[in-house]
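Residue numbers (our numbering), protein chains in the order written: chain E, 7 to 250; chain G, 2 to 267.
Hints are computed from structural coordinates only; laboratory data are not their basis. Don't take every hint at face value.
What the hints assert, rightly or not - Below, in silico cross-link-like pairs of lysine to aspartate or glutamate (EDC-like), each with a Cα-Cα straight-line distance of 20 angstroms or less: (1) E/Lys-79 with E/Asp-178; (2) E/Lys-139 with G/Asp-161; (3) E/Lys-216 with E/Asp-29; (4) G/Lys-3 with E/Glu-101.
Since we're looking at a predicted model, the values are computed, not measured.
Okay, here's what each chain looks like letter by letter:
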Amino acid sequence: MIAIQTKKLAKKYGTKTAVDSLDLSVNEGELFGLLGVNGAGKTTTIRMLSCLSTPTSGDATLMGHSILTDTQKVKEIINVSPQETAIAPNLSVRENLEMIAGVYGMNKATTAEKTNKVIFKLGLSKIQKDRAKTLSGGWQRRLSIAMALISEPQILFLDEPTLGLDVLARRDLWALISDLKGKVTIVLTTHYMEEAEALSDRVGVMANGKLKVVGTPSELIALSGKGNFEEAFIKFAAVEEAVR
Amino acid sequence: MKAIIFATRNVKEILRDPMSYIFCLVFPIVMLVVFYAVFYSPEAYWFAIDILTPGIAIFSFSFTMLFMALLVSKDKTTAFLSRLYTSPMTTMDFVIGYTIPGLIITIGQVVACYITAAIIGLATGIQLSYIGITLAIISTIPAMFMFIGFGILFGSLFSDQAAPGISSIVITMSGFLSGAWMLVNPGTALSAIFSALPFYPAVSVGRIVLSLNETAFANIGGYLAIVCAYAVAVFSLSVVAFRKKTVSDSAIVSMHKRRVQKNGDA
Numbered sequence: 007m008i009a010i011q012t013k014k015l016a017k018k019y020g021t022k023t024a025v026d027s028l029d030l031s032v033n034e035g036e037l038f039g040l041l042g043v044n045g046a047g048k049t050t051t052i053r054m055l056s057c058l059s060t061p062t063s064g065d066a067t068l069m070g071h072s073i074l075t076d077t078q079k080v081k082e083i084i085n086v087s088p089q090e091t092a093i094a095p096n097l098s099v100r101e102n103l104e105m106i107a108g109v110y111g112m113n114k115a116t117t118a119e120k121t122n123k124v125i126f127k128l129g130l131s132k133i134q135k136d137r138a139k140t141l142s143g144g145w146q147r148r149l150s151i152a153m154a155l156i157s158e159p160q161i162l163f164l165d166e167p168t169l170g171l172d173v174l175a176r177r178d179l180w181a182l183i184s185d186l187k188g189k190v191t192i193v194l195t196t197h198y199m200e201e202a203e204a205l206s207d208r209v210g211v212m213a214n215g216k217l218k219v220v221g222t223p224s225e226l227i228a229l230s231g232k233g234n235f236e237e238a239f240i241k242f243a244a245v246e247e248a249v250r
Numbered sequence: 002m003k004a005i006i007f008a009t010r011n012v013k014e015i016l017r018d019p020m021s022y023i024f025c026l027v028f029p030i031v032m033l034v035v036f037y038a039v040f041y042s043p044e045a046y047w048f049a050i051d052i053l054t055p056g057i058a059i060f061s062f063s064f065t066m067l068f069m070a071l072l073v074s075k076d077k078t079t080a081f082l083s084r085l086y087t088s089p090m091t092t093m094d095f096v097i098g099y100t101i102p103g104l105i106i107t108i109g110q111v112v113a114c115y116i117t118a119a120i121i122g123l124a125t126g127i128q129l130s131y132i133g134i135t136l137a138i139i140s141t142i143p144a145m146f147m148f149i150g151f152g153i154l155f156g157s158l159f160s161d162q163a164a165p166g167i168s169s170i171v172i173t174m175s176g177f178l179s180g181a182w183m184l185v186n187p188g189t190a191l192s193a194i195f196s197a198l199p200f201y202p203a204v205s206v207g208r209i210v211l212s213l214n215e216t217a218f219a220n221i222g223g224y225l226a227i228v229c230a231y232a233v234a235v236f237s238l239s240v241v242a243f244r245k246k247t248v249s250d251s252a253i254v255s256m257h258k259r260r261v262q263k264n265g266d267a
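Same shape as in the complex, but just chain G (with noise of 0.2 angstroms):
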């Protein structure tokens, strides 16, 4: 109930945030609109609505790190949490608390993200079927999970100055890396390289998903593996350095430290 009410609070302090929309909603939106738009062409077959919007979706996920990153990082460089630890709530009620509110936004822009998909598949004769819909909105679950950790992991390790700057690095990376909307050779080192990183294994799940093509199938265990693994760990990580740097003794005084140097008190 605690980490509920938490979560709660974090929902309204990021919506509350005029550019949490731009960026996590109309953002994302808009691009899946242009790209298809002005880039599509059967030789640049990339750019189709199936293929690319698996792509976008996972790219928006990157702005919801951000966002938690700032969340958590202004949360700790303030003595707000310091207030919170020194009630009933426990460190998995914080952990939950970020969590919720990063699922919650990660699941409205997959799906918002669909929509428009359908949408512009119903405006220019693309049939996208509804369970390869339903099926890779629920095939971005570790992926969503992954970039929360990446913004708890962010914002509990840098103050609320660094942490957009590092942020800005995986949102680079999850554009270009991931083959959101380029065409990524199989067999080439390019490929080795965005497979070993989570971001092109987790658009191809998505791609494969809203396929529903049998022989594409047979694939999509590693590519799964692969953004699960690294979901499971930056999401650990995140716990960890939550605990290490916002909630044990050390950190506390180093967080007062920080601001006594700005208020100048003891």
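Bound-form chain E, shown alone (with noise of 0.2 angstroms):
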């Protein structure tokens, strides 16, 4: 089944571009890592998915619901773990796990039933009654996260989940990400190219608003005839940013 399908999906600011036309489609159950340079209309695309900026034309169906005609149930299937560590940091681990929790309407007993279980799963209990702004930057992204599955999203964007974190930190949330493959629908946007090509079950690179090519990361190697994944990467967002 497929998750998300956008069609002819657009956004401009003014006069500039952002997203142009993009048709795009990920299967269920798919980790599809969204790349692109600086400005090549990524988080764009996700904040649209995500229902928080509009649309200026075409549209975009998540499990079968339009991010234009059915906003609220959109945002009932989703959550996303934001490029910045979104946490509220006088809450303790444990409370901004039941807050999520809450906003997504559960009740006491569910929500207590999901803390235990993200905090077990995610490795948080040794840590769940700290204050979220005393935790390491590695610490709160994972908290980050974890609070982004306490919903158990059906699709999960994941913008930027690794940036600033240190190499081990990084793999231990690459070891978690892989973890979720299969189970739910993911959307990961990220500049490490070693990251993209380890956990994505297949990538589209984006230039200028438009989608340039889609395939697994070795489609995409063979494709552009390089020696490797960053290298080929760079072939199809160099060529658009030539002309930009």
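Mind assembling these two chains? They're in different frames, but the hints should get you there.
Structural data, given as structure tokens:
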């Protein structure tokens, strides 16, 4: 089943086109890497798909629900881990998770059950009573992802989940994200090519608001005629860069 | 329910900042006690406990406004609000969620002020009517909404660096233009200015109600109308500003751009 389907999705800011007639489909349970250089349009695409931004034209359906006409339903089945660590600093780890569970309409018993489950799954037990602001960057990011997972979304948007993390914390999160593969449909944006290659089932490269190419990492390497994924990405992203 | 959950988070965020207790609770009570103990005399009768308390109670709300402004502006500046916008929460959930903590804190402030006043009254032999105190507490409701509205308004319009500065203007105004601890002679130009702003009428309503003086009650309608008008206007404006500056498409884009400038990404 197709989880995300965009139809000529476009976003303009004045005369600038941020996303240009995007046609993209992501299968259920797939981890789709959305790549591009700064300003390519990937964050704008995620903002539209997560109902934060209204498209100028076109539409997209998430599990069959339109982002234009069925916003509330879309919001119930998605969750987002934003690029920046989005946590309530004076709340404990547990309280942050319980708050998000409540916001997604869970009752007290379900909230407690899901919170315990996520705390266990993400290894947050030791720090569950600590205030979020006292955690290291890596743990804050882990909490931020836990907050995105607690609602058990059908579609999860991970916007630069490992930005600014050290190698160990990044590898830790890779393992966590890999574990979600097949269970949740994930759209991942990242600037780390090795991350995209290691985690993604398929990758789409955006440039100048357009989807330049889609395929598995190995398909993209073969298509580009380059020796590795990073070189392949540069080839697809840089051609359009020259036109900018 | 979502609004209550969000409100609970906001109450915790404010009350877990020790400065909120110092500014919202300790400072007004200390002011009340010190002003009465040091300045009250039969000549300086406006420092009498029944005249001073309604003024300090209204002035204390301005600190709640400051903490509300800080909370909203910080939530706006970080990605926390963006995260919640992708959840099933509605704009009304956000507004109610920010208003409830403001109400809880301002109710706590006004009750603490009047309890302190009652204790001072008992200690000095000045009998304050409990009916008067109850009515005086109730009479501050429009002012509560007005100050909460100011907080949401400033938090929506300004950054977490600018919001405290803007709030301090209103804090100063609510202290000096309310006649909380000074005599305002009726019929003067100063009293006309004081009466056109909401702070002096808000204090006057409390003083009239606390006194239970039937003659004074004749003036309450005009004062109450001014405070209510300001409360409705400021609160409505704060809802509009919140929608426009934090929920709207353009606001989210500009917030994201500011964060991108900090972090250096697309």
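Inset, instruction - Please name the hints from earlier in the document that this structure breaks, with their numbers sorted from lowest to highest. - result: Going through the list in order, the structure violates hint 1 alone and respects the others.
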